[in-house]
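*Asks:* Sequences listed follow chains S and B, in order. Using this note's numbering, the letters of the first sequence map in sequence onto residues 1 to 710. Using this note's numbering, the letters of the second sequence map in sequence onto residues 711 to 808.
Misleading hints may appear alongside valid ones.
As the list claims (entries may be wrong) - Using C-beta positions, here's what the derived DEER-type ranges look like:
1. G746/B <-> M617/S: 30 to 38 Å
2. S338/S <-> E785/B: 31 to 39 Å
3. E785/B <-> A655/S: 34 to 42 Å
4. E785/B <-> A532/S: 57 to 65 Å
5. A655/S <-> T802/B: 21 to 29 Å
6. E739/B <-> E583/S: 21 to 29 Å
Don't read these hints as lab results, they were simulated from the structure. The beta carbon of each residue, even a glycine, is placed where N, CA and C say it ideally should be.
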Amino acid sequence: MNKRWKTFARVAAAVYAALLVFSWNALTDRARRQTESMLDYAMLDLDATLNGSIDTMLMHTAMSIIEQLGTPRSLPQDEISLIARQRDLDEVNIIARDGTILASNDAALVGDNMGNKPKSAEFLVLTNGVRQALSHHFRRGAHNPEVRRKYVGVAFPGGDGLVQVGIDESRVIGMFPSIMGFIFDEWLLGEKGFFLCANMFDGHLISNPARHRDEARFLAETGYDVENPNIVEDGETTFRMRLFGDLCDCRARLFCGHRIVAALPPAEYYSTRTFYVLLVAGVLGLVMLAFVILVRRIDISSGRLQAFYAAEDDRRAKEFAIASTIQNAALPGPLPPSEEFSLAAEMNPAKEVGGDFYDYFRLDDTHFAFLVADVSGKGVTGALYMMTSKTLIKDTLTTIHDPAEALTKVNGELCANNPANMFLTAWVGVLDLETGVVTYANAGHNPPVKVEGRNTEFVTPKSGPVLAFMDGFRYKSFSLRLAPGESLFLYTDGVTEALDASGALFGEDRLRDALAASPNGDPTSLCRVVRAVVSAFAQGVAQADDITVLAVRRNGGDHGAGMSRSFPATQAGIAAASAFLDEVAEAAYGKAADGFPVSALPTLHVVLDEVAANVVMYSGAKDFEVRVRAIIGEDGTREAEIAVSDNGVPFDPLAHSDPDTTLPAADRPIGGLGIMMVRKMSDSISYKRDGDRNVLVVRCREKKSRPRAT
Amino acid sequence: MQITKNTANGRLSMALSGRLDTNTAPELEEELKLDGVNEIVFDFAELEYISSAGLRILMTAQKAMMACGGKMTIEHPNDMVKGVFDMTGLSTVFTIAP
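Make a model of the complete structure from these sequences and hints.
*Replies:* In C-alpha cells form, the structure reads like this:
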C-alpha cells in the first residue's frame, strides 16, 4: 500500500512538473511572439511618424512657395536663394510642366530637365494634374555624394509644373529635438513600453519616457550600453538591454543623427506569462489534489472490498474445513487384514471440497461391498448430500445385496427428495469372497480397471444414469470375476480429468500405464502409484476436483492347490520339482472352486523343466523355489500358474531373443530353444527381479492340450 | 521314461514311453548308439511330452544321419509333442509319420 502511494505520488509530481514546464514554455513563446510583433509595429510606426513629420513640414514649405509664386516661372537667382534661406531649405527648384528647371537656388541646375535623371524624373508624375505631392527618403544625391538629402515635390494647381524642395539630413538633426521631442515624450509602447531618443554623437536624450522623466539626461544613464556586442541597431533585431533597472526587449535604429530605442520591459508581456503559469500551477494543483483525494477514496473503498473478500475467503475456508470434516468423517476406516481380499482407498480433496466418497463394508461372511461415488455439488451442501447418499446406499445395500436393486431403490429415494437438484455418480460392487465374482452396477461413474499383473482392462458394460436424476430407472447388475491375485481399481473423474500446466487431461491411457507399472499389484501400491503419477503429471497445478482412488484385490490363490517348495539346483532337484508338480495337480484335482487344469499338465511339465534347467545351468543359485497354484480366469477358464524363483545372478530370460528356427537343422545352435518354448506354450509369462531373486511367473490355461503352432 | 530299442541291418528302432525332459534325456543319449546305424525310427506313441533337452538329442541324431546319408523318422507323436516340433520349426527338419 505504502509503496503504491509512493509510486502514485511520484507519477503525479512528474505529471505536474511536466505540465508546468510545458505551460511555461508555451507562455514564454507566446510572450516572445507578442513582444516581437509589438516591436515590429513600433518600428513601422516610428518610421512613418518620423518621415511623415518631415514630409508634412516640407510639403507645407513647398506649398507656401507655390502660393508665393502663383505659377511656375523663372526667378532671379538672388530671389530664389532668399526663398530657400528663409525657409531653412537646402534646395528649391521650380520646374515647368515639361520638366525644365525654371529656377533653382543651385544656379547650375537651371535649364536642366528633370527627366534626364531617373530619380528626379519620378517627380514629373506631379504634372499629370492628379497627384499632388511626392516625397523621397533621405539619400545621397548626385550633386554631392557626401550629403544625404530628402526631397519633397508639390504640384502647382492643375499639374502646371511643380516645386521641389530638398533638405539635408544634417539640418534635420539640428531641428530634431524641436520637431520630434514631443512625439517621444508621450508616446507609449503598449502599456509599459517606451521610446528613447538620443543624439547619436553626444548621447543627449531629447526624449525621456514620461515614467522616467527625471531619471536620465544622457542615454548612458538609462543603462543603454552602445558598446554591448549584443545590440544590432537595424530596427529589426530584438536584443536585451537593462534599462532603468528592467531587462527590456529592445530594438534600436539610427535616424537623422539620432539613436531611437524602443523598449518593452518584461512587465509588458512576461508578467502575464508568470501570472498565467502561476494560474496554471494553481488550477492544476487543485485538479491534482482533487484527483489524489478521489484516488484515496477509491483506495479506501478497495480496501473495504479487500476486507470483504478476505472475510469471504475466511468464510469459505471455514466452510471448507466443515465440509472436509464431514467428508473425512464419512469415509470408512482401514479394514482389518483379511486373507481373502485386501483393499486400499484414498481421497484427496481439491481446493474446494467436492463430493467424492468411497465406502466398503461386509454384507455377510462371504460378501463384501465396495463403492466409489462423486456428488455433483461442492462445499457444505455437497458434503451433506454426500453424507445422506452414503448412508442411504449403505443401508440399502446391507438389506438388498444386489447392487442394481440397491441403486434402483436409492435412486428412487434420492429423486423423491432432491430440492437442491444435486446428483451423484456411483459404482457399486459386491465381491463374493468364495468365487471371486464381483456383481456390480454403475450409475454414470467412470469404468473401473481390472488389473492383473501388467494387464489392465477397463470394465465397461453399459452404465445407468447418474443417481437422483431419473426417477423410476431400473439399474442392471453385471458381473466379473477376480481370480486370486487380480485387482479392481476404482477412481473418480478427478484422476482421469486431472490437468497438467498446459491444460492436457491425464486421461485413461495414462491411468492404465500407471496401473501396469505398479511394482506389485497390491491395492496400497496401486493407489500410491496412481496418486504419484497424477501428481507428477499435474506438476503442482491445483486440481479442481477431488482425486479418489480405491483398489480391491482378491487374495489367496492357494485354494487347496497352491503350494510351494524349495529344491536344490541340481539335476535331482529338477526331477523332484517335476514330481512336486504332479503332486500339486493331484491334490488339487476335482476341488470344487478351482480345480487344477489337468489338461495343461504336460505343458506345465515342459515349462517347469525348461525354467528349472535354466536356473540349474546358468543362475549359479544353490537352490530354487517352485510355487504352483490353480486359478480361474474371468471367463471361468481354469489356469495353472508356476512361479520359479532363485537367488542367482540377475537374469531375465524374456530379454533374450528366440533362436532362428528357420535355419537348416545343421546350422542351428543347440540351446535357447527352451525359453522360446516356454514363451510359446504359456498364456502369460512375466519376469521380475524381486530383491535378490529372479522370479519368473508362467501361466497356462486348460483345454490347451495342444500348444499353439507357429 | 522307458526305452525299448531294436537294431537290425543298420536300422535302429526306439520306442519311448513317458517323459523326455532334462531328467530323462541323458538316458536316451546313453541308449542312442549310432555306430553303423544309417536309419533311425522313433516311436513316440507313448511319449507324454518332450522338452528342449529331448529336442537337442533328436537334433544331434538328425545331424548324424544327415552326415552319413542315412535317415531318421519319428512316428506317432502326440499333439503335445507335435506342437513342440511345430513351434520350434523342427517339423520341417524331421521326418514325421503320423
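*Asks:* For every hint, state whether the structure bears it out.
*Replies:* Hint check:
{"no.": "1", "hint": "G746/B <-> M617/S: 30 to 38 Å", "in the structure": "holds, 33 Å"}
{"no.": "2", "hint": "S338/S <-> E785/B: 31 to 39 Å", "in the structure": "violated, 55 Å"}
{"no.": "3", "hint": "E785/B <-> A655/S: 34 to 42 Å", "in the structure": "holds, 38 Å"}
{"no.": "4", "hint": "E785/B <-> A532/S: 57 to 65 Å", "in the structure": "holds, 60 Å"}
{"no.": "5", "hint": "A655/S <-> T802/B: 21 to 29 Å", "in the structure": "holds, 28 Å"}
{"no.": "6", "hint": "E739/B <-> E583/S: 21 to 29 Å", "in the structure": "holds, 28 Å"}
Checked against the numbered hints given earlier, this structure breaks only hint 2.
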